[in-house]
Amino acid sequence: MSGELVYLTCRVNGEEVSLHVRPEEIFVDVLRDRLAATGTKVACDLGACGACTIIVNGNPTASCGLFAWQAEGADIQTIEGLANNGNLDPVQRAFVENSAFQCGYCTPGMIMLARALIDRDPAPSRADIRNWMGANICRCTGYEMIIEAVEKAAALQQEACNE
Amino acid sequence: MYTHATDAGWISRSHQAIAPFRLVRPASIEEALEAAAEENASFIAGGIDLVRRMRGGDRWQTLVDISGLSEMKVTSDEGDHLRIGALTSHWEIETGELIRKRLPNLQAAWRTIGNVRIRMAGTLGGNILAREAGYDGLVLLGVMGAELVFVTSSGEAVVIAGTGAPLPDRPALLTSVRIPISADTGLAFDRSLKPVVSVAVCKSGDTATVGVGCAFNSPRYSTIRQGEDAQSISSHFPDAIDNPMGGAAYRSRMVGVLAARMLAGGNGL
Ligand SMILES: Cc1cc2nc3c(=O)[nH]c(=O)nc-3n(C[C@H](O)[C@H](O)[C@H](O)COP(=O)(O)OP(=O)(O)OC[C@H]3O[C@@H](n4cnc5c(N)ncnc54)[C@H](O)[C@@H]3O)c2cc1C
Ligand code: FES
Ligand code: FES
Chain A
1297 MSGELVYLTC RVNGEEVSLH VRPEEIFVDV LRDRLAATGT KVACDLGACG
1347 ACTIIVNGNP TASCGLFAWQ AEGADIQTIE GLANNGNLDP VQRAFVENSA
1397 FQCGYCTPGM IMLARALIDR DPAPSRADIR NWMGANICRC TGYEMIIEAV
1447 EKAAALQQEA CNE
Chain B
127 MYTHATDAGW ISRSHQAIAP FRLVRPASIE EALEAAAEEN ASFIAGGIDL
177 VRRMRGGDRW QTLVDISGLS EMKVTSDEGD HLRIGALTSH WEIETGELIR
227 KRLPNLQAAW RTIGNVRIRM AGTLGGNILA REAGYDGLVL LGVMGAELVF
277 VTSSGEAVVI AGTGAPLPDR PALLTSVRIP ISADTGLAFD RSLKPVVSVA
327 VCKSGDTATV GVGCAFNSPR YSTIRQGEDA QSISSHFPDA IDNPMGGAAY
377 RSRMVGVLAA RMLAGGNGL
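Residue numbers (my numbering), protein chains in the order written: chain A, 1297 to 1459; chain B, 127 to 395.
Because the hints were derived from the structure by calculation, they are not lab data.
Note that the structure is predicted; figures quoted are calculated from it, not measured.
Ideal Cβ positions, reconstructed from N, Cα and C, are used throughout, including at glycine.
Hints should not be assumed to be uniformly reliable.
Label pairs and their in silico Cβ distance ranges [to be verified]: (1) GLY1438/A / SER193/B: 36 to 42 Å; (2) GLY1382/A / SER154/B: 47 to 53 Å; (3) GLY194/B / THR1334/A: 27 to 33 Å.
Produce the complete structure using the sequences and hints provided.
So this is what it looks like as C-alpha cells:
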C-alpha cells in the first residue's frame, strides 16, 4: 500500500521548489535525483556520518534521515548554493587553502556543517569548532586540517565583513 | 524554478529500502490518538530514529506526524517541577534558559547526547519512546524520578521513570515529562564507556540512585546509602548483556567503578 502523494513546497538555495513527493521519499533523493543537486553525498544512509549534511532553517541536518515532506515550508541550503557568481564561500575557500580534504566525499557535508556553525557564531572558539564538527566523519584527513579550515573560514568571513 | 517529474525513473538506494506508508498530519492531540489507533500506525516526531528503522525493514501502514502539535513543545515552571514538552529537541534542552536556571545539571548532562545534528533534530519524546537500551534520556530521567505524562484514548497515564514500571503500549502519546527540581541538585552522568555502559547518579540526602544504560535491554536502577561501598552497587543488578561490544563481567564491574568515581566527588554531586 502506498500513501497519497504529498505536495511539498520549500526553498532550496533561495529558489522556490514545489513538487509532489511520495510519503516514503527521502529528502536527499529529492535533491539528487529530482533537483539534480548531486553535490550532497550519501554514505552511511543512517544519520551517523554527516556526508549528506544540508542546512534546514539554519540547522545542520542529515538529509538521508529526513522524509521529503518534513521539509515543508523550510529554507534549505545545499553546497550548490554557497558560491556566489563563481566566488567561493569563505568556508569553501578555507577548505581549499587548507587542503582540508583528500578523497572529498565528506567535504560537502563538512562545509555545510561548518557554514551552519559560522552562521550562528561568527567567531567560534577552537573548542566550539571541535565539538560542533565532531558531528561528521572523515575517513581521510585526521580532522586537524578541517578544524583549522573552519577557524580560517571564520577569519576570512570576518575580514570580508570589515572590508 | 526547479523542474520536476513525479514519476522520476531512477529510484535511489535509500528510497527503495523504505516501505510505503500513509501520512497523517493531525492538528490536535485527539486527532493524533485517533489516527494512531488504526492498525499498524506509529507516531513520528523528528523522525531520525524511525527513518533509520524503516530503512532497516520496519514497516508501518500509517505514520502520524506529531511535529506540529505546539502544545507539546512548551517548557513550564511548576514550582517544584519543571515540565518539558515531549517535542522539545535535545538542542532546546541544552540551550533553554528556563532549563539552565532550574535544572542546570540535567542540561549539562543532556549536552553530551549524540552530536549537534542529532541534538537539533531529535526530540525528548523520540529518545524515550525509541526504547533503545543505549539511549541516555531515560537513564537520566530515571534517576531523577521524572514523571512521564502520556495521553491515551482512555485518558492521562503517568509513569514514574526509574521505578521499573512499563511504558504504556501503543497508541500512547507522551506529551511531557515532569522533572522534580530538587533531583537536579546532585546529578552526575558518565557516558565515557558507551556503548559498553553508561551510568547516572542522583544524590538526595544520604541516598544515591544509580541508573545504568547500555548494559541491559532497558535502563536499570538501584539505590545506595552513604557509607556503603559504592563499588558494591554492581551486585545490585542482574547479569549484564554479554556481547562482542562488552563482556557481562566487565560491564557489571564498570557500573561500580563509574558510580564510585562520581560519588567520590565528581561532576555535579
Ligand atoms: C547517529 C546517532 C547518534 C545518536 N546518539 C545518541 C546518544 O548519544 N544518546 C542518546 O540518548 N541518543 C542518541 N541518538 C538517538 C536520538 O537521541 C534519538 O534518535 C532521537 O531523540 C529520536 O527523536 P525523534 O524525535 O527523531 O524520534 P522519532 O524517530 O520521530 O521517533 C522514535 C520513536 O519514538 C516514538 N515517538 C516519538 N515521539 C513520541 C511521543 N511524543 N509519544 C509517543 N511516541 C513517540 C515514535 O513512534 C518512534 O517509535 C542518536 C541517534 C543517531 C541517529
Ligand atoms: S549519509 Fe546521511 S548521515 Fe551518513
Ligand atoms: S576527505 Fe575523504 S572522507 Fe573526508
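Now for the hints, and whether the structure bears them out:
1. Roughly 38 Å separates the CB atoms of GLY1438/A and SER193/B, a value that falls within the hinted 36 to 42 Å.
2. Restraint check, GLY1382/A to SER154/B: a C-beta distance of roughly 50 Å satisfies the suggested window 47 to 53 Å.
3. At about 31 Å, the beta-carbon gap between GLY194/B and THR1334/A stays in the expected band of 27 to 33 Å.
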